[in-house]
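Colleague: Chains A and B, in that order, are what the protein sequence lines are. Here the first sequence is numbered in the working numbering, starting from 5 and rising by one per residue. Here the second sequence is numbered in the working numbering, starting from 5 and rising by one per residue.
No lab work stands behind these hints, which were simulated from the structure alone. Any given hint might turn out to be false.
Unchecked claim - Calculated lysine to any residue pairs in the SDA-like style (CA-CA distance at most 25 Å, straight line):
1. A:Lys-107 with B:Ser-179
2. B:Lys-72 with A:Val-44
3. A:Lys-70 with B:Ser-43
4. A:Lys-107 with A:Leu-158
5. A:Lys-72 with A:His-138
6. B:Lys-107 with B:Thr-97
7. B:Lys-70 with A:Val-44
8. A:Lys-72 with B:Gly-48
9. A:Lys-107 with B:Ala-171
10. A:Lys-70 with B:Val-44
11. B:Lys-72 with A:Arg-186
12. A:Lys-107 with B:Thr-174
13. B:Lys-107 with A:Ser-179
14. A:Lys-72 with B:Trp-187
15. B:Lys-72 with A:Tyr-128
16. B:Lys-72 with A:Gly-48
17. B:Lys-72 with A:Trp-187
18. B:Lys-107 with A:Glu-168
19. A:Lys-72 with B:Thr-51
20. B:Lys-72 with A:Ser-43
21. A:Lys-72 with B:Leu-130
22. A:Lys-72 with B:Tyr-128
23. B:Lys-70 with B:Phe-9
24. B:Lys-70 with B:Thr-51
25. B:Lys-72 with A:Glu-129
Stated by the list, open to error - Covered by chain A, according to a simulated footprint, are these stretches of chain B (three or more residues, beta-carbon under 8 Å):
26. 42-50
27. 181-188
Said to hold, decoys possible - Sample of chain A residues facing chain B (criterion: CB under 7 Å; computed from the structure):
28. Val-44
29. Gly-45
30. Gly-47
31. Gly-48
32. Tyr-128
33. Ser-179
34. Asp-183
35. Ser-202
36. Leu-206
37. Arg-209
38. Met-210
Ideal placement from N, C-alpha and C gives every residue a C-beta, glycine not left out.
There are 2 protein chains.
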Amino acid sequence: MPKEFVDFSRAPGGHDLLNDIEPASARRLAHAALDSFSSVGYGGTTTRIISERAGLSSGALYVSFKSKEEILFLCTRVSHESALGVLRAAAETPGSVMNRLRKMMYDFTLWHARNHAIARVAQYELAGLTPEHHELIAELRRQIESVMRSQIQLGVDQGEFDIEDQAGLTLAALSLAIDVCRWYSDGGRLSAERLADSYSGLVTRMLSSSRDGAPREGADALR
Amino acid sequence: MPKEFVDFSRAPGGHDLLNDIEPASARRLAHAALDSFSSVGYGGTTTRIISERAGLSSGALYVSFKSKEEILFLCTRVSHESALGVLRAAAETPGSVMNRLRKMMYDFTLWHARNHAIARVAQYELAGLTPEHHELIAELRRQIESVMRSQIQLGVDQGEFDIEDQAGLTLAALSLAIDVCRWYSDGGRLSAERLADSYSGLVTRMLSSSRDGAPREGADALR
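Can you make the complete structure from the sequences, with help from the hints?
Modeller: If you want it as structure tokens, here you go:
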């Protein structure tokens with residue numbers, strides 16, 4: 005490899021989610037592409053920029069990928085699969101549904117803070133995908149929504165929550181966590197953990213019911 | 005003007021916020037730039053694309069603007085000023101602080117749905133601004149945060165809310181509304197008004213206090 009190669013495998017914001025890609029040249033291209041997509045956007049990135057940043061000749065990208073779009077799809081798929089995996093794992097949390105949703109919100113928020121660079125590309129560059137790739141990502145997004153919504157529904161069915169607008173709450177909970185990737189930066193005024201704690205507390209407040217006068221678990225979460 | 009000129013003055017997503025720009029050529033350039041920024045990103049837009057989409061010769065942009073960045077700054081400034089104006093107007097709502105915050109959240113959410121295209125550019129392309137322009141926008145953003153935060157603080161001071169993490173709640177309320185511009189589309193499954201209603205209800209739930217057993221105004225907002 006030429007000396008200009010920059011190792012992005014430990015770059016912040018989720019480059020490490022691409023560390024399993026083989027062979028090394030494809031991995032380096034994916035890292036370099038993510039770095040460029042997240043700084044100047046998909047539209048501002050050329051295959052030449054990607055190849056050169058990966059320490060390869062300008063045409064080397066086409067040995068591993070058919071197009072720039074194929075790397076965008078790879079980043080977007082890996083990002084969504086990782087976020088879905090974290091949410092699904094948290095949805096296995098034992099105990100009350102409130103406790104489970106608190107954990108889901110905590111982990112999903114934390115994931116978006118830690119993986120803000122790849123998440124930002126995955127969320128903001130969907131328009132760059134081919135229709136076929138877009139549909140595959142849309143299916144992952146439906147699964148993410150379904151995991152969140154089914155737990156909220158379960159809490160309602162079991163009488164733990166008293167909410168009619170379950171769709172609005174599902175949307176808000178996911179949106180709150182996802183928007184973290186827009187503004188979060190490492191070393192900013194809020195740590196990822198503090199933010200996850202704050203947002204999981206807010207979601208429990210949104211879920212808390214006062215209709216039956218029962219204690220609102222989570223009402224103290226912001227104190 | 006050449007025949008290829010496309011009139012974006014009534015294009016959805018907030019193009020109309022640029023309708024007061026004079027002279028007409030600058031206005032058309034701003035409309036064309038916004039259309040391109042919001043579809044292929046700032047990085048994917050060239051001054052040639054902007055000029056041609058505005059029905060002008062490729063160098064015509066430089067008669068009105070120093071650079072592509074100057075148009076980005078214009079769009080970003082107009083967008084932030086408009087959003088701030090809406091929030092400030094809602095902050096004049098009489099009655100309880102809860103009632104005022106509900107109106108602020110309703111209007112701020114509605115604004116981001118209706119102006120999703122210009123808001124998206126204003127939120128996602130900040131990295132393209134010069135440091136001087138970035139600082140001017142940062143000041144507008146601090147004002148937006150301050151308007152929201154001072155009302156939450158007022159509610160706490162007056163004993164209306166029982167919240168310690170006022171910073172987290174301010175961030176969450178703004179973030180929830182802003183994230184609407186990421187995914188909202190005209191004709192989607194939720195109308196702008198329905199969404200604004202849902203989110204203003206959720207924020208009142210987040211603000212509602214149970215410590216003193218008082219009725220939680222807004223607890224029914226989702227029903």
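Colleague: Provide an ascending list of the numbers of those earlier hints which the structure does not satisfy.
Modeller: none
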